[in-house]
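*Asks:* Using the sequences provided together with the hints, build the complete structure.
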Amino acid sequence: EAQVTQNPRYLITVTGKKLTVTCSQNMNHEYMSWYRQDPGLGLRQIYYSMNVEVTDKGDVPEGYKVSRKEKRNFPLILESPSPNQTSLYFCASSNDRAEAFFGQGTRLTVV
Amino acid sequence: EDQVTQSPEALRLQEGESSSLNCSYTVSGLRGLFWYRQDPGKGPEFLFTLYSAGEEKEKERLKATLTKKESFLHITAPKPEDSATYLCAVQAWRGSNYKLTFGKGTLLTVNP
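Residue numbers (this note's numbering), protein chains in the order written: chain A, 8 to 118; chain B, 448 to 559.
Derived from the structure by calculation, the hints contain no laboratory data. For clarity, every value in this text was computed on a predicted model and none was experimentally measured.
Cut-off 30 Å, straight-line C-alpha distance, at most; resulting in silico cross-link-like pairs (DSS-like, lysine-lysine):
(1) K72/A <-> K25/A
(2) K551/B <-> K64/A
(3) K489/B <-> K64/A
Calculated from the model, a selection of chain A residues having no Cβ within reach of chain B, i.e. all distances over 12 Å:
(4) L18
(5) T20
(6) T22
(7) G23
(8) L26
(9) E60
(10) S74
(11) K76
(12) R79
(13) P82
(14) E86
(15) S87
(16) S89
(17) T116
(18) V118
No residue lacks a Cβ here, since even glycine has one placed at the ideal position from N, Cα and C.
*Replies:* Below is the structure:
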């Protein structure tokens, strides 16, 4: 089954404790991206990657890092999380028609 | 700056009562307009892509249409299982970034 898999689904952490949210896709897509979803603000792009070792900032990249060492994986790294990064995060993988397929989401709470 | 506005914010329908959701947009150079469905606590689920004015796509009880300024998602004879938030997004011609700019969504509730 074609899918985008994120882990963990839920995470509660403390301010400043580094964390990584993993994302993996099995559709052989070159393009992957991360979004965050906040009430009243909708979905906003954090980072994207066009291919292995090629990444770039989206609209809200501050406080986040990404890496793309393999085509299927695109982890999101928060090196020093803060409470304003409490949000619902989605990883997406896009085909060559730019149609994005989203993971199940990771609900992150930073206290 | 790309902008997407969806209306209404929320819509309640009785089962079988057809209606339409609106998505108006401004974008410099539309590459595509996308409709997604999102259930509570889940990721958006892809429904349709529309590329040019006049284009229409259908899937079961849903039909999406596109003009130069807006898109409509028509729901014919909805069922309770159609209850969800429907998201509209646009994508501009900006090199290789497939960034989607989303609207805030329409929360659809279909009562039996």
